[in-house]
Amino acid sequence: MTHRPLVHDWSTDFDHTDPQWVADPFPIWERLRHECPVAHSDRYGGTWLPTTHELVAEVAYDTDHFTSRSVVVSEVRPTDQDLPAPIGVAPPITSDPPFHALARRLLLPAFGPNPINALEPYTRALCNELLDRIGDRREFDAAVDYAQDIPLRVIARMLGFPEEDADRFRYFIRLVLESVDSTAEERQAQIDGRELDDYIDARIAEHLEHPRDDLTTFLLEAELDGERLHPDHVRGTMVLLMIAGIDTTWSAIGASLWHLASHPEDRARLAADPSLMPTAVEEFLRAYAPVTMARLVAKDFDFHGCPMKEGDWLLLPFPAANRDPEAFPDADHVVLDRAANRHAAFGLGIHRCLGSNLARMELQIALEEWMKRYPDFELAAPENVTWSAGQVRGPRTLTVRIP
Amino acid sequence: MRVHVDPERCQGHNRCYALAPELFDIDEEGNAHELNDGAVPADLEDKARLAEANCPEYAISITE
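Protein chains in written order, with our numbering: chain A, 76 to 478; chain B, 157 to 220.
Worth double-checking, as some hints may not be accurate.
[What the hints assert, rightly or not] Only part of the chain A face toward chain B is listed, based on derived beta-carbon distances under 8 Å: (1) Arg79; (2) Val82; (3) Arg180; (4) Pro184; (5) Asn416; (6) His418; (7) Phe421; (8) Asn432.
[Stated by the list, open to error] Now the in silico label distances, taken between C-beta atoms and shown as ranges: (9) B:Glu164 x A:Glu443: 45 to 53 Å; (10) B:Ala195 x A:Ile209: 24 to 32 Å; (11) A:Pro237 x B:Glu184: 47 to 55 Å; (12) B:Glu184 x A:Thr354: 44 to 52 Å; (13) B:Pro177 x A:His408: 45 to 53 Å; (14) B:Pro177 x A:Glu110: 39 to 47 Å; (15) B:Leu191 x A:Ala277: 41 to 49 Å; (16) B:Ser217 x A:Arg344: 30 to 38 Å; (17) A:Leu299 x B:His189: 19 to 27 Å; (18) B:Glu185 x A:Asp139: 19 to 27 Å; (19) B:Ala195 x A:Pro184: 25 to 33 Å; (20) B:Glu185 x A:Arg303: 17 to 25 Å; (21) A:Glu270 x B:Asp202: 19 to 27 Å; (22) B:Ser217 x A:Ala193: 31 to 39 Å.
What the hints contain is simulated information worked out from the structure, not anything from laboratory work. Values in this document were obtained by computation on a predicted structure and should not be read as measured data. C-beta: ideal position from N, C-alpha, C; glycine also.
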């Protein structure tokens, strides 16, 4: 858990790793929307936080004043050496225009509806394999025993990695995303350790020797302006796909199951009418959007009266935008058949989540197969549910009981 | 009724294509465009409104 002082004033000293934020951020954002739509904190060397849909969208669209060179807030600020502009460590998420569009267009076709729909039978079989493994247990951890392994194994398959590396994947994800809690020295040691890079390099070497039909080989053979991608680009993009493709969807599946386990009327309604699933999936994505992005202020400027300085962090909470009552009527209420839903769970603007079709497919299949197997379930111990700290929010312990 | 996708605003969320494939198509990079010059048959007007109301980027416009 966090070693930082607890937050007492959210408008001047917020911290997205504070236990109160981790457990239930929604009332915090609601208060800030009224009292201080752009909050500031001195933590992490200076961080801003917009909380309305309008302001979150404005930042997302403004790539002149806000750079994506680092998208995970931490005590360590990136230097030019760590993050060679314009590529950044994990293109295209850490890239700015105009390079961003080149790196992104390369990947887009692989994540369109057709290639993603082709993964549906595999995903459905995988969900059933995990449910079979749970067997006749009446109490188990839905986050660990079910939700986590679905995106983990789908991404491993897409990249052509050995499925038996699942445990190593979990470790790397924690290392990169949840290490916000570690001290500056610990984090620097991890960065210097190059553990993840070494793992990826081994997979790249293996694919160079034995090319095959997967994303790793696709990246190795891809060309920009008639030239193969720089090895740093290939490695960075593979890291991005692993990190961005697993923790996030794991969180979305887990949070949706948490909602159904703790809201019996919604669970019963969805069990009785599976045709609600498509709108329910969008509504879970809106209400429990897992991902808060971040930007670095690119140059000193005044943003709605806030004196932003070059190098300040800015947290970009799409989950808060999704709960803004100005943008969504009855925003704090999950409405399974909400018809109009312009939610920003996958971001807004040029960095729209590359894997949104994949994430939607995985979430829908995971919930469909779960509901077929377990139309009736509940939280075994609501007080024991734990949520991840950091910029990806989802349940990490979710013990459910099958009555 | 006619629908139009603003190509400058569309970021490839593919919501319109999922909700109303009779009215919208996408290219290989996921960017959407309207079919049939945007003409909406009377029996698809509800679908057109649904697609418009689910575009996160406000890229779809409807004229009646």
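Just tell me: holds or violated, for the beta carbon distance of Pro177 (chain B) and His408 (chain A) against 45 to 53 Å? This hint is violated: roughly 30 Å between Cβ atoms.
Okay, Glu184 (chain B) versus Thr354 (chain A) on CB: inside 44 to 52 Å? For Glu184 (chain B) and Thr354 (chain A) the Cβ distance comes to about 28 Å; the hint is violated.
For the hint on Arg180 (chain A), does the least C-beta distance to chain B fall short of 8 Å? 6 Å, holds
Chain B contact restraint on Val82 (chain A) - CB to CB distance below 8 Å: 30 Å, violated
Cut-off 8 Å, beta-carbon criterion: hint that Arg79 (chain A) touches chain B: With Cβ-Cβ at 33 Å, over 8 Å, it is violated.
How about His418 (chain A): closest beta carbon in chain B under 8 Å, or not? 7 Å, holds
Honestly, do Glu185 (chain B) and Asp139 (chain A) meet the 19 to 27 Å range at C-beta? Given about 24 Å between the Cβ atoms, the range holds.
Look at the Cβ atoms of Leu191 (chain B) and Ala277 (chain A) and judge whether their distance stays inside 41 to 49 Å. 47 Å, holds
Range hint compliance [Cβ, Pro177 (chain B) to Glu110 (chain A), 39 to 47 Å]: Check passed, 44 Å falls within 39 to 47 Å.
Do the beta carbons of Leu299 (chain A) and His189 (chain B) sit within 19 to 27 Å of each other? 26 Å, holds
Between Glu270 (chain A) and Asp202 (chain B), is the Cβ distance one that fits in 19 to 27 Å? Between Glu270 (chain A) and Asp202 (chain B), where Cβ atoms are some 53 Å apart, the hint is violated.
Assessment of proposed distance window 47 to 55 Å (beta carbons of Pro237 (chain A), Glu184 (chain B)): 30 Å, violated
Hints 1, 2, 9, 10, 11, 12, 13 and 21 from the earlier list are contradicted by this structure; the remaining hints agree with it.
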